[in-house]
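S.K.: From just these sequences and the hints, can you work out the full model?
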Amino acid sequence: MSSAPPSPPATTARPARPWRPPLASLAARAPAAGALARIRSTVLDGGRITPEEALELHEHADLPLLGELADSVRRRKHPEGRVTYIVDRNINPTNVCVTDCGFCAFYRRPKHDEAYVLEREVILEKVRETDRLGGRQLLMQGGHHPKIRSDWWCDLIADVRAKFPRVNCHALSAPELDFFSQIEKRPVEEILADLVEAGLGSVPGAGAEILVERVRRIIAPKKTDTDRWLEVHRRVHEAGLRSSATMMFGHVETAAERIEHLQRLRELQDETSGFTAFACWNTQPAGVPEEHLYPKKTTPAQYLRVNAISRVFLDNFDNVQTSYVTQGMKLAQVSLRYGCNDFGGTMLEENVVSAAGCFHLESIQRIEQTIERAGFLPRQRNSWYGIVDERHEGPTFPSCREEARTEGSAPLSA
Amino acid sequence: MSISELHIDSAAEARLRDAVDRAGLGPIAEKVFAGERLDLEDGLALYRAEDLHAVGALANHVRERLHGDLTYFNVNQHVNYTNLCNKFCSFCSFDRQPGQAGAYTFSPEEAAEKIREQLDEPVTEVHIVGGVWPKLGYDYYLDLLRAVKSARPGIHVKAFTMVEIDQIRRVAGKPLQEVLAELREAGLDSCPGGGAEVFADRVHQAGYDKKISGDEWLSLAREVHRAGLRSNCTMLHGHVETLEERVDHLDRLRRLQDETGGFQTYIPLSFHPANNDWSHLPGPTALDELREIAVGRLMLDNIAHVKAYWILMDIPIAQAALAYGADDVDGTVVEEKIYHDAGATTPQQVQREELIDWIRDAGRVPVERDTLYNVIWSGAEA
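Those protein sequences? They're chains A and B, same order as listed.
When we follow the numbering used here, the leftmost residue of the first sequence carries the number 9, and every step to the right adds one.
When we follow the numbering used here, the leftmost residue of the second sequence carries the number 92, and every step to the right adds one.
Since the hints were made in silico from the structure, they are not lab data.
Yeah, the Cβ is synthetic: ideal placement off N, Cα and C, and Gly gets one too.
All the given hints hold, so there is nothing to weed out.
Not everything, but these chain A residues come out facing chain B in the computed CB check (under 7 Å):
id: 1; residue: Pro29
id: 2; residue: Pro30
id: 3; residue: Leu31
id: 4; residue: Ala32
id: 5; residue: Ser33
id: 6; residue: Ala41
id: 7; residue: Gly42
id: 8; residue: Ala45
id: 9; residue: Asp70
id: 10; residue: Pro72
id: 11; residue: Gly75
id: 12; residue: Glu76
id: 13; residue: Thr307
id: 14; residue: Ala309
id: 15; residue: Lys338
id: 16; residue: Leu339
M.R.: Next comes the structure, spelled out in structure tokens:
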């Protein structure tokens with residue numbers, strides 16, 4: 009059965025020249041120098057920068073300046089010098105998907121030989137292992153399986169909650185929730201209400217890619233569009249849950265589009281305060297279905313640039329997570345001085361990005377050492393960024409989804 | 092080599108001054124702007140400063156005054172002619188004893204074959220270093236040079252650290268200047284900077300006491316420079332040495348450079364803790380590596396180039412290092428053994444096009460050079 013992806017609109021297939029970082033020394037030359045000096049003052053004084061200013065940083069700032077600014081924002085938000093991480097596990101209950109994103113090497117069409125749906129018992133066994141190892145979170149996402157609906161997930165989540173109350177279900181994503189809404193023909197708020205009742209604790213930020221239509225139409229034309237992605241998260245926050253946000257860069261987007269993505273997130277966060285954290289990474293195009301559409305993988309210097317600018321721009325996000333899975337431990341450590349204050353999950357299993365040929369699972373000990381040797385205090389956390397570490401003095405807050413919900417959102421049944 | 096004269100754009104200068112002032116490095120920065128040499132206390136302060144970005148920004152300022160955005164690389168290959176060695180340095184994972192699995196010595200002809208294997212590549216330099224093995228006679232070294240040079244006559248032969256030069260002089264039984272002249276005649280063009288480790292006697296005793304001392308290394312380098320040969324210099328960091336010992340090492344390098352002007356490039360080398368006697372030590376972090384580049388650039392005011400050796404740092408850190416004081420990334424290599432035996436997981440070589448790409452992605456202009464920094468190709472875009 010053929011599953012050829014739709015061809016992209018020829019006129020906007022790829023920008024004429026891939027984005028090139030600016031000459032580093034431009035940061036030292038007028039007129040860039042004047043603008044950069046003003047933006048730097050704003051940031052160091054704790055002020056908000058405009059999208060134009062973020063673009064200015066993107067186009068002209070050199071790495072030490074970006075590091076200085078991102079470092080200062082991180083220090084302001086986390087003066088105690090803590091870097092958190094969570095002991096968790098990734099489970100992808102199914103790799104079956106009909107959304108055909110060109111950059112995804114993980115999914116399989118429904119009739120493919122390698123298509124799978126995990127049996128409940130298999131999933132529970134993975135959760136059991138996680139719980140035994142002190143894991144606090146289950147990051148569960150899957151492809152958009154045409155026959156699996158939200159009730160399947162509600163059953164699963166309810167079962168996991170009942171058997172392993174210490175392990176939070178950090179599950180699904182805006183595109184998956186939107187998918188349920190479409191195939192079940194009911195509003196996403198209802199779907200969320202069911203999931204909340206079943207025990208869903210928080211929602212990951214996947215599927216954002218770049219929140220700009222021109223880009224989405226090329227790389228993921230069948231997936232949830234920008235406005236809808238944001239709307240779903242708004243509903244998640246209104247339902248009393250917290251979620252995270254992401255950005256995947258380094259494909260067909262322009263620099264301005266990266267900033268626009270950040271602007272959309274910041275605006276929604278101003279409204280709801282519901283996002284806990286932001287994370288970004290570059291596309292890993294090796295072996296993906298539409299590899300021909302994608303430029304060469306961006307180099308690490310771009311990651312530090314984009315990450316630092318995200319930290320500075322998203323002044324209303326408490327946490328910025330590094331991506332050691334895609335960037336490796338050394339660069340992840342450097343990123344702790346480029347705005348990141350969180351190491352993400354220890355991931356006792358990772359399938360999605362690994363399918364695209366990028367694999368960096370690390371042990372808890374190594375993560376702790378990496379954080380410590382960078383001069384920070386490693387602390388374990390839960391899904392809502394409450395510290396759950398015996399080295400921590402003081403209570404864990406938030407300790408559950410109820411304590412994490414933002415003002416004005418719906419109360420949750422316990 | 093003074094770095095004082097060039098005008099700095101005032102907005103950028105003000106920003107840099109503010110950043111270093113906030114980091115408590117104002118007085119040091121004033122010296123840097125005035126082209127004055129930093130003293131040992133300044134070096135310690137740079138190592139201890141919490142704000143790595145301020146140290147980096149200052150080093151970057153020096154880098155850009157010296158080299159603008161230019162970033163040098165070359166297309167080279169490595170030939171490690173033997174891994175037999177009688178020095179037993181604690182940090183070394185490369186050395187073998189005869190009969191040990193993996194022990195080898197290339198004959199001059201085998202070394203020449205390695206050169207011939209790369210004839211289709213635009214290789215301009217071969218980097219030749221190996222263990223110190225007393226059974227190798229003077230003729231071996233001369234034949235090695237001749238064989239390599241005749242396999243590729245235009246190639247620049249950068250061979251033998253000061254440790255090996257010491258050994259060669261011993262087995263030759265002749266005065267050093269005569270030996271150097273004969274080595275040159277046989278094909279030697281310049282010398283690499285390895286074997287320096289940390290000059291302090293305490294560290295030498297602790298880790299590599301069978302090798303020549305710091306003073307001896309410097310003295311040999313002086314002679315090599317007097318013979319008209321350029322060389323590089325290094326410091327192995329991140330093991331048992333103190334910050335004071337690092338600063339002292341850098342100071343000794345620059346004092347020799349004041350005398351001879353013979354060093355081209357300084358390369359900080361990270362200690363890698365796998366498969367050696369010091370494996371219990373953690374080794375330097377990525378942040379330490381960036382700091383070493385920056386402090387090296389600031390302290391070594393009379394050495395033109397600072398190299399971020401990507402083989403040991405990994406490309407991400409080498410890229411970042413280009414904004415923290417480094418203007419050189421070494422070359423495409425081929426068959427690097429020394430660091431890979433110590434656990435480096437970087438690729439054995441990188442294509443020229445990849446090097447160019449990631450230099451550009453770091454916001455710099457790639458320039459292909461030969462060993463003596465003549466420009467072979469410039470990546471400046473119109």
